[in-house]
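Asks: Note that the protein sequences, when read in sequence, are chains A and Z. Using this note's numbering, the first residue of the first sequence is number 119, and each one after it goes up by one. Using this note's numbering, the first residue of the second sequence is number 8, and each one after it goes up by one.
The hints are simulated quantities; they were obtained by calculation from the structure and are not laboratory data. For clarity, every value in this text was computed on a predicted model and none was experimentally measured. From the three backbone atoms N, C-alpha and C, an ideal C-beta is built for every residue, glycine too.
In silico lysine-lysine, PhoX-like type, Cα no more than 20 Å apart, as pairs:
| id | chain 1 | residue 1 | chain 2 | residue 2 |
| --- | --- | --- | --- | --- |
| 1 | Z | 164 | Z | 297 |
| 2 | Z | 291 | Z | 257 |
| 3 | Z | 94 | Z | 44 |
| 4 | A | 145 | Z | 63 |
| 5 | Z | 44 | Z | 200 |
| 6 | Z | 227 | Z | 257 |
| 7 | A | 212 | A | 171 |
| 8 | Z | 283 | Z | 164 |
| 9 | Z | 244 | Z | 291 |
| 10 | Z | 194 | Z | 44 |
| 11 | A | 139 | Z | 63 |
| 12 | A | 145 | Z | 44 |
| 13 | A | 135 | Z | 63 |
| 14 | Z | 291 | Z | 258 |
| 15 | A | 212 | A | 168 |
| 16 | Z | 227 | A | 212 |
| 17 | Z | 244 | Z | 195 |
| 18 | A | 153 | A | 218 |
| 19 | Z | 194 | Z | 14 |
| 20 | A | 153 | Z | 63 |
| 21 | A | 188 | Z | 14 |
| 22 | Z | 14 | A | 171 |
| 23 | Z | 195 | Z | 44 |
Far from chain A, by Cβ distances over 10 Å, these chain Z residues were calculated:
| id | residue |
| --- | --- |
| 24 | 74 |
| 25 | 117 |
| 26 | 141 |
| 27 | 155 |
| 28 | 200 |
| 29 | 216 |
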Amino acid sequence: MADVNEEVYVIPEIDTKGLEKEFPLSKPGFGAGGKTNEWRLLRPVINYEKCIKCLICWIDCPEATITRGKDNSVAINYDYCKGCGVCANECPTKAIEMVKED
Amino acid sequence: MLLRDVKFEEKWLPGNAACPGCGLSLGLRLLTKAIEKPVVVIPASCASVVQGAWPKSSASFPLLNIAMAGAGAAASGIANAYEMLGKEGTVVAWAGDGGTADIGLQALSGAAERGENIIFVMYDNEAYMNTGIQRSSSTPHGAWTTTTPEGKREFKKDVAAIMLVHNLEYVATASVSYPVDFIEKLKKAEAHKGTKFIQLYSPCPPGWRLDASKTIEVGKLAVETGAWILYEYENGKLTISPISSRFREKKARRPLIDYLSLQGRFAGISQQDIAKLEAEIDRKWEFLSKFE
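Looking at chain A on its own, in the form it has when it is part of the complex (with noise of 0.2 Å):
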C-alpha cells in the first residue's frame, strides 16, 4: 500500500492583482472541470502484491491521478480519478483491477 504522493502536483502562488479587470483570467487548481470523481463507474484498485514498479500506469495515466513516490510506488488519487481504466487495460502484470463502485 502506498499514499498519494500530494508533493508531485506544482501549483504556484500567481499575482494577478489588476490585472483581472482587464483579461478573464484563471489560476491553477484542483478541479477545474468539477470533481471528477463523481464521473467513475469502475474503481482502479491496485494489488501491490502484484506490483513490478514498472511505472507504466503512471505515465500512461491522462489525468495525473496516479502519483509517483520516491521509492517509485504508485498510488490513485481517488478525489479526481475519473476510472477510465487505461492503467488496468496498460499494466503489464495485470495489478490493477477495475472494480464497479457502489
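Assemble chain Z onto chain A, guided by the hints.
Replies: Chain Z in isolation, oriented as in the chain A frame:
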C-alpha cells in the same frame, strides 16, 4: 531516456474537464514533463475546454487561449516578446487537427516561413471532436463522423509532410501511446532554433467510438499495423523512429483489421475501403522512404 528518468512533477492538474481516457489530456501532461518552462498557446479546440471553468484552470503553466485560426500568429508574438523582454520560456502552440490542418494552416505556414522560435504541436484526434465529431481534413478514409455518416470518402491530409517541405530544422510525428518517445522528441525540438513541428497521434474515445481504457492500446496498434508511422526529420535528414522501423516490411505489420475493429467509427467499413486504406499505408511508407 528511460521511463524512470521522467520528472515526478505534475503541472497538468487532476480534475480537468477532459473525457475519461482522453489522449489530448495525456499529451498535455507529457508536454509539461518534457519542457521545463512551457508557455502554451491554444486555439479553439478540445484543449481550450479541458482546462476547466474560470476562475480555475488545470494548467499550472502560462497559457493563452486564442481564436481558432491564430495559434501560429499568437505563438510568434509571444516568442518575440519573450525574447525582447529576456524572459525564459519555450513557446508551444498546441492545436488540434482542425486548428492545424484546416483553419490554422496559414498562420502555421506563415510562422514557419518567418522561422519564429516556436514548437507547434498538432494533437491529431482526426476530427472536430469539441463541436461534435465533424470530419476534418485529417480524418482518415472510411471513418464515420457526424458529417460523414457513410464513412469519409477522401484521404487524410498529411500535415507533417507539408511542414517537411517548409524546410524546418525539426519535424516529427509522435504518439501518446509511446510517451518516452514523445518526450524525447519534444526535448530535441526545444534544442533547435526556428519553427519546430510535431504531429501527435491522440486517440479520442468518444469520437472514435472506442472504449476509454483502449486509448493507449489503439495507438500501439496504429503503429504496429503501419497506419501511423513515427519518424523525425532533423537538419534535412529523415529517420524512421526505432519503434516504427520494425514495421517497414509489410510482412512484419499486423493486419489492419486489428486496428480498425477496435474502433466503432470503422464499424461499417467495406472490404474495398479497407483495401484502399492498406494501399494508402503502402504509399505513405514509400513516400517517406524517398526522403531518407
